[in-house]
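Protein chains: 2
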Amino acid sequence: MPKYYFEDFSTGWTAEYGPRRVTREEIIGFAAQYDPQPMHLDEEAARNTMLGGLGASGWHSCCIMMKMIADGLLLDTASMGAPGIEEVKWLKPIRPGDSLTVRGSVQWTRPSQSKPDRGFVSFFWEVSNDRGERVMTLICPQMIERRNAGAAA
Amino acid sequence: MPKYYFEDFSTGWTAEYGPRRVTREEIIGFAAQYDPQPMHLDEEAARNTMLGGLGASGWHSCCIMMKMIADGLLLDTASMGAPGIEEVKWLKPIRPGDSLTVRGSVQWTRPSQSKPDRGFVSFFWEVSNDRGERVMTLICPQMIERRNAGAAA
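Taken in sequence, the protein lines are chains A and B.
99 is the number that this note's numbering gives to position 99 of the first sequence; each next residue is one higher, with no gaps.
207 is the number that this note's numbering gives to position 54 of the second sequence; each next residue is one higher, with no gaps.
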């Protein structure tokens, strides 16, 4: 049974998850599988790129964040998924050994106009490293079931 | 040596990559690692979710697309990375056995105003399955080096 429903979120809600340490092995392993650009794959080659050294793929950063949010919040929430992502900003490289925390806040909530069993919650997620630098932000509207949605239907 | 530089892209540019078949094993494997929601992880549990059956994580879809674009285009391009993603829409579930193609088109290009060695190219990516359904779209502005940027600097 989920702990959290649409009604449990409102402007002012915040939460923090982590820390989660990122290793060199997983940065390179992810890159080999999904984003084989030299800056994510090879320390030597990465030195001559924009990143100035090995850094995680931006997609890897998204996936690491997703796992932290799933474990910390979504698996306990009556989530019905997300229709997409509104915006991702990759602000700084994620380096081998970085410990990441993710902070979430609610931008707005609104009940669905067509489906009375659910509502939308727009989350703003900020990922920071252990040097206090913000490395990524992401805006994602989440569909969440209303409490007692089944009973009302 | 890259084949493609900033000057090689303009409105009207299009390309298509794939097909790329997605297996049940990789859908479940990705979900276990990065997005362990029941709809991406377990056929039986997925039946009672929004997806109505097992479907790939939206993040997995992004990663599969990234690999297709890297292999098809970016590894041959003087790409300097992307500052982020402007928009992702997950339109339909990606099912085990689906064969995906990705079509890219250029929305706009502009030289960087502050750095004469590069420009921005905004790509619109559309991922379709082998039933002709569009399953995902994505807008991403890419930084790309200008041809002879080193010589001009």
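What the hints contain is simulated information worked out from the structure, not anything from laboratory work.
Note that the structure is a prediction, hence the values are computed from the model and not measured.
Positions of the beta carbon are idealized from the N, C-alpha and C atoms, including for glycine.
It cannot be assumed that every hint is accurate.
Unchecked claim - Computed beta-carbon distance windows for the label pairs:
no. : chain 1 : residue 1 : chain 2 : residue 2 : range
1   : A       : Lys-115   : B       : Gly-206   : 18 to 26 Å
2   : B       : Glu-240   : A       : Leu-91    : 14 to 22 Å
3   : A       : Ser-112   : B       : Lys-268   : 21 to 29 Å
4   : B       : Glu-240   : A       : Asn-48    : 52 to 60 Å
5   : A       : Arg-147   : B       : Lys-268   : 33 to 41 Å
6   : B       : Gly-165   : A       : Ile-139   : 52 to 60 Å
7   : B       : Glu-160   : A       : Met-1     : 25 to 33 Å
8   : B       : Gln-260   : A       : Trp-13    : 32 to 40 Å
For each hint, the structure was consulted:
For Lys-115 of chain A and Gly-206 of chain B, the Cβ-Cβ distance of about 20 Å falls inside the hinted range of 18 to 26 Å, so the restraint holds. For Glu-240 of chain B paired with Leu-91 of chain A, a C-beta distance near 18 Å keeps the hint of 14 to 22 Å intact. The hinted window of 21 to 29 Å between Ser-112 of chain A and Lys-268 of chain B is violated, with their beta carbons roughly 44 Å apart. For the pair Glu-240 of chain B and Asn-48 of chain A, the supplied restraint of 52 to 60 Å is violated, since their beta-carbon distance comes to about 31 Å.
For Arg-147 of chain A and Lys-268 of chain B, the hinted distance range of 33 to 41 Å is not satisfied, since their beta carbons lie about 52 Å from each other. Here the CB-CB span from Gly-165 of chain B to Ile-139 of chain A is close to 31 Å, at odds with the stated 52 to 60 Å. Between Glu-160 of chain B and Met-1 of chain A the beta carbons are some 58 Å apart, a value that contradicts the proposed interval 25 to 33 Å. The hinted range of 32 to 40 Å is satisfied by Gln-260 of chain B and Trp-13 of chain A, whose Cβ atoms lie roughly 35 Å apart.
Of the numbered hints listed earlier, those contradicted by the structure are 3, 4, 5, 6 and 7.
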